[in-house]
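Peer 1: Here the protein sequences line up with chains A and B, keeping their order.
Under the working numbering, think of the first position of the first sequence as 1, with each following residue one higher.
Under the working numbering, think of the first position of the second sequence as 1, with each following residue one higher.
Since the hints were made in silico from the structure, they are not lab data.
The beta carbon of each residue, even a glycine, is placed where N, CA and C say it ideally should be.
A hint or two may mislead.
Listed next, the in silico BS3-like pairs over lysine-lysine satisfying Cα-Cα at most 25 angstroms (straight line) [said to hold, decoys possible]:
1. B:K113 x B:K69
2. A:K62 x B:K58
3. A:K78 x A:K15
4. A:K62 x A:K16
5. A:K16 x A:K71
6. B:K58 x B:K69
7. A:K78 x B:K101
8. B:K101 x A:K71
9. B:K101 x B:K58
Derived Cβ-Cβ restraints for the label pairs, each shown as a range [as the list claims (entries may be wrong)]:
10. B:R42 x A:L115: 23 to 29 angstroms
11. A:K62 x B:N30: 27 to 33 angstroms
12. A:K16 x B:D54: 34 to 40 angstroms
13. A:Q59 x B:G29: 30 to 36 angstroms
14. A:L115 x B:A106: 37 to 43 angstroms
15. B:G53 x A:L115: 49 to 55 angstroms
16. B:N55 x A:L70: 39 to 45 angstroms
17. A:K62 x B:S26: 26 to 32 angstroms
18. B:A14 x A:L70: 49 to 55 angstroms
19. A:W22 x B:S70: 41 to 47 angstroms
20. A:T113 x B:G53: 42 to 48 angstroms
21. A:S7 x B:A114: 34 to 40 angstroms
22. B:S70 x A:K62: 40 to 46 angstroms
23. B:T52 x A:E50: 20 to 26 angstroms
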Amino acid sequence: EAGVVQSPRYKIIEKKQPVAFWCNPISGHNTLYWYLQNLGQGPELLIRYENEEAVDDSQLPKDRFSAERLKGVDSTLKIQPAELGDSAVYLCASSRQREGLDEQFFGPGTRLTVL
Amino acid sequence: AQSVAQPEDQVNVAEGNPLTVKCTYSVSGNPYLFWYVQYPNRGLQFLLKYITGDNLVKGSYGFEAEFNKSQTSFHLKKPSALVSDSALYFCAVRDKTGGFKTIFGAGTRLFVKA
């Protein structure tokens, strides 16, 4: 089966500019996650979707970050405006089951550099 | 609150020798435990998980992990390391009381020397 697809793979922007990341999960996976991974650290959850519903966005900095998952498939994560501290890898993952028993499948990530 | 600790930033082992990557956790309820591996410029890949049942869990690429409830540990092991096992390994935990939010450890870099 095809894996989780993310684009772009790399993005370089200047601070205060907007940026958007796109994710296409594995077909049939209802749960979608966006994580932030800083260098030398484990992934940290930004938002989790069950179908179209954001069920956990407590760690999403809502003043500048937004996400959507229209039709319960693809998802977009946006940052506006970007700050220097947003430089990191943004990972998208998906899983089948809602109750957390299933492992997550990760995309390759988008490496964001904010200058 | 949930937490995961990987006490070693780096583990070095010679090819052919057994390896252990340590993980301890703290949760309120029954833990669901996972190990993932990350190769350079790639996303995390699932290795194995413990949900319930046998404490020894076998996973991909010859890896296994042992769930120890009394020590709240879930160490990753492999009897004979390969150079190709060199990567970054993450332990992760979730539980029902935490809303099934996955908490990842900081990662342990494994170097296998030929």
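Peer 1: Determine for every hint whether it applies to the structure shown.
Peer 2: Tested hints:
{"no.": "1", "hint": "B:K113 x B:K69", "verdict": "violated (32 angstroms)"}
{"no.": "2", "hint": "A:K62 x B:K58", "verdict": "violated (40 angstroms)"}
{"no.": "3", "hint": "A:K78 x A:K15", "verdict": "holds (14 angstroms)"}
{"no.": "4", "hint": "A:K62 x A:K16", "verdict": "holds (16 angstroms)"}
{"no.": "5", "hint": "A:K16 x A:K71", "verdict": "violated (30 angstroms)"}
{"no.": "6", "hint": "B:K58 x B:K69", "verdict": "holds (17 angstroms)"}
{"no.": "7", "hint": "A:K78 x B:K101", "verdict": "holds (22 angstroms)"}
{"no.": "8", "hint": "B:K101 x A:K71", "verdict": "holds (23 angstroms)"}
{"no.": "9", "hint": "B:K101 x B:K58", "verdict": "holds (24 angstroms)"}
{"no.": "10", "hint": "B:R42 x A:L115: 23 to 29 angstroms", "verdict": "holds (25 angstroms)"}
{"no.": "11", "hint": "A:K62 x B:N30: 27 to 33 angstroms", "verdict": "holds (32 angstroms)"}
{"no.": "12", "hint": "A:K16 x B:D54: 34 to 40 angstroms", "verdict": "violated (54 angstroms)"}
{"no.": "13", "hint": "A:Q59 x B:G29: 30 to 36 angstroms", "verdict": "violated (20 angstroms)"}
{"no.": "14", "hint": "A:L115 x B:A106: 37 to 43 angstroms", "verdict": "violated (27 angstroms)"}
{"no.": "15", "hint": "B:G53 x A:L115: 49 to 55 angstroms", "verdict": "holds (50 angstroms)"}
{"no.": "16", "hint": "B:N55 x A:L70: 39 to 45 angstroms", "verdict": "holds (43 angstroms)"}
{"no.": "17", "hint": "A:K62 x B:S26: 26 to 32 angstroms", "verdict": "holds (28 angstroms)"}
{"no.": "18", "hint": "B:A14 x A:L70: 49 to 55 angstroms", "verdict": "holds (51 angstroms)"}
{"no.": "19", "hint": "A:W22 x B:S70: 41 to 47 angstroms", "verdict": "holds (45 angstroms)"}
{"no.": "20", "hint": "A:T113 x B:G53: 42 to 48 angstroms", "verdict": "holds (44 angstroms)"}
{"no.": "21", "hint": "A:S7 x B:A114: 34 to 40 angstroms", "verdict": "holds (36 angstroms)"}
{"no.": "22", "hint": "B:S70 x A:K62: 40 to 46 angstroms", "verdict": "holds (41 angstroms)"}
{"no.": "23", "hint": "B:T52 x A:E50: 20 to 26 angstroms", "verdict": "holds (23 angstroms)"}
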